[in-house]
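Could you put together the complete structure from these sequences and hints?
Going by numbering that gives the first Met the number 0, the letters in the sequence shown line up with residues 0 to 62, in that order.
No lab work stands behind these hints: they were computed from the structure.
Misleading hints may appear alongside valid ones.
[Claimed, not checked] List of simulated lysine-lysine pairs, DSS-like, C-alpha gap at most 25 angstroms:
{"hint": "1", "residue 1": "59", "residue 2": "49"}
{"hint": "2", "residue 1": "49", "residue 2": "17"}
{"hint": "3", "residue 1": "14", "residue 2": "60"}
{"hint": "4", "residue 1": "49", "residue 2": "6"}
{"hint": "5", "residue 1": "49", "residue 2": "9"}
{"hint": "6", "residue 1": "45", "residue 2": "9"}
{"hint": "7", "residue 1": "60", "residue 2": "49"}
{"hint": "8", "residue 1": "59", "residue 2": "14"}
{"hint": "9", "residue 1": "9", "residue 2": "60"}
{"hint": "10", "residue 1": "60", "residue 2": "8"}
{"hint": "11", "residue 1": "59", "residue 2": "45"}
{"hint": "12", "residue 1": "45", "residue 2": "14"}
{"hint": "13", "residue 1": "8", "residue 2": "59"}
{"hint": "14", "residue 1": "45", "residue 2": "10"}
{"hint": "15", "residue 1": "60", "residue 2": "6"}
{"hint": "16", "residue 1": "49", "residue 2": "8"}
{"hint": "17", "residue 1": "45", "residue 2": "6"}
{"hint": "18", "residue 1": "60", "residue 2": "45"}
{"hint": "19", "residue 1": "60", "residue 2": "10"}
{"hint": "20", "residue 1": "8", "residue 2": "45"}
{"hint": "21", "residue 1": "17", "residue 2": "60"}
{"hint": "22", "residue 1": "49", "residue 2": "14"}
{"hint": "23", "residue 1": "6", "residue 2": "59"}
{"hint": "24", "residue 1": "17", "residue 2": "59"}
Quantities reported herein were computed from a predicted structural model and do not represent experimental measurements.
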Amino acid sequence: MGNIGEKIKKKRLEKHMKQCELAERAEMSNTFLSDIENGRSEPSIKTLGKIAVALEIDIKKFF
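Here you go:
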């Protein structure tokens with residue numbers, strides 16, 4: 000199992016979404032999402048929830 004950032008990126012790519020599109024849907028900056036996906040920042044549970052909603056998946060998929 001990879002880290003949460005890798006899982007987010009994998010799910011985003013499975014949905015054929017650009018990083019900027021997911022960032023907009025999750026109401027965060029593209030830079031912040033990039034930092035999460037690349038392991039430079041750890042998202043809070045609230046942020047993970049926003050990302051899960053934007054990806055239309057259950058937050059449990061990240062754990």
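Cross-check of the supplied hints:
Note on residue 59 and residue 49: the hinted pairing holds, with a Cα-Cα distance of about 13 angstroms set against a maximum of 25 angstroms. A C-alpha spacing of about 16 angstroms is found between residue 49 and residue 17, which places the hinted pair at or below 25 angstroms, so the restraint holds. Pair hint residue 14 plus residue 60 holds up; C-alpha atoms about 14 angstroms apart against a cutoff of 25 angstroms. The straight-line distance between the Cα atoms of residue 49 and residue 6 is roughly 15 angstroms, inside the 25 angstroms bound, and the hint therefore holds.
For the given pair, residue 49 sits about 16 angstroms from residue 9 by alpha-carbon distance, which is consistent with the 25 angstroms threshold. Proposed proximity of residue 45 and residue 9 is supported: the alpha carbons are some 20 angstroms apart, at most 25 angstroms. Between the alpha carbons of residue 60 and residue 49 the distance comes to roughly 13 angstroms, so the proposed pair stays at or under 25 angstroms and holds. For the proposed pair residue 59 and residue 14, the alpha carbon gap of about 17 angstroms is at most 25 angstroms, so the pair holds.
A hinted pair counts as satisfied when its Cα atoms are at most 25 angstroms apart, and residue 9 with residue 60 qualifies at roughly 11 angstroms. Using a Cα cut-off of 25 angstroms, the hinted pair residue 60 and residue 8 holds, with the two alpha carbons roughly 12 angstroms apart. In summary, the hint linking residue 59 to residue 45 is supported, as the alpha carbons are separated by about 13 angstroms, within the 25 angstroms threshold. Taking the CA atoms of residue 45 and residue 14, the gap is about 21 angstroms. The hint holds against a cut of 25 angstroms.
Only pairs whose Cα atoms come within 25 angstroms are accepted, and residue 8 paired with residue 59 is accepted, the gap being roughly 15 angstroms. Among the hinted pairs, residue 45 with residue 10 is consistent with the structure: their alpha-carbon atoms are about 18 angstroms apart, no more than 25 angstroms. For the suggested pair residue 60 and residue 6, the alpha carbons sit about 8 angstroms apart, so the restraint of at most 25 angstroms is met. Restraint check: the Cα-Cα separation between residue 49 and residue 8 comes to about 14 angstroms, which is no more than 25 angstroms; the hinted pair holds.
In summary, the hint linking residue 45 to residue 6 is supported, as the alpha carbons are separated by about 17 angstroms, within the 25 angstroms threshold. At most 25 angstroms may separate the alpha-carbon atoms for a hinted pair to count; residue 60 and residue 45 meet this at roughly 15 angstroms. For the hint pairing residue 60 with residue 10, the CA-to-CA distance comes to about 9 angstroms; that is within 25 angstroms, so the pair holds. The hinted pair formed by residue 8 and residue 45 meets the criterion: a straight-line CA distance of about 18 angstroms does not exceed 25 angstroms.
With a CA separation close to 20 angstroms, the supplied pair residue 17 and residue 60 stays within the 25 angstroms bound. Restraint check: the Cα-Cα separation between residue 49 and residue 14 comes to about 16 angstroms, which is no more than 25 angstroms; the hinted pair holds. Taking the CA atoms of residue 6 and residue 59, the gap is about 11 angstroms. The hint holds against a cut of 25 angstroms. Between residue 17 and residue 59 the alpha-carbon distance is near 22 angstroms, which keeps this suggested pair within the 25 angstroms criterion.
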